[in-house]
Amino acid sequence: MGEGLAEIFERLSRSAEKVILQGLVMAKRPETRIKRMGRLG
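Quick note on the UniProt record's numbering: the sequence shown kicks off at 1 and runs consecutively.
Rather than coming from a laboratory, the hints here were simulated on the basis of the structure. Among the hints, a few may not be true.
Stated by the list, open to error - The following label-pair restraints were derived from C-beta to C-beta distances: (1) E10 with R39: 29 to 39 Å; (2) S15 with R36: 13 to 23 Å; (3) E3 with K28: 30 to 40 Å; (4) L5 with A27: 15 to 25 Å; (5) A6 with I34: 10 to 20 Å.
The C-beta atom is built at its ideal place from N, Cα and C for all residues, glycine as well.
Assemble the whole structure, with the sequences as input and the hints as a guide.
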C-alpha cells in the first residue's frame with residue numbers, strides 16, 4: 001500500500017491515461033475539474 005497517485009498513474013496504459021486526462025481537460029467549469037480530480041485520489 002502507501003502508493004501515491006503518481007505511481008499508480010504511471011502504471012496505466014497510454015490509452016487509460018488519455019481517457020482520464022481527456023475527462024479533466026474537457027470539463028467546462030473549474031469546479032467540475034476539481035471534482036473529477038478529487039475522484040482520482
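Now the hints, each set against the structure:
{"no.": "1", "hint": "E10 with R39: 29 to 39 Å", "in the structure": "violated, 19 Å"}
{"no.": "2", "hint": "S15 with R36: 13 to 23 Å", "in the structure": "holds, 18 Å"}
{"no.": "3", "hint": "E3 with K28: 30 to 40 Å", "in the structure": "holds, 32 Å"}
{"no.": "4", "hint": "L5 with A27: 15 to 25 Å", "in the structure": "holds, 18 Å"}
{"no.": "5", "hint": "A6 with I34: 10 to 20 Å", "in the structure": "holds, 18 Å"}
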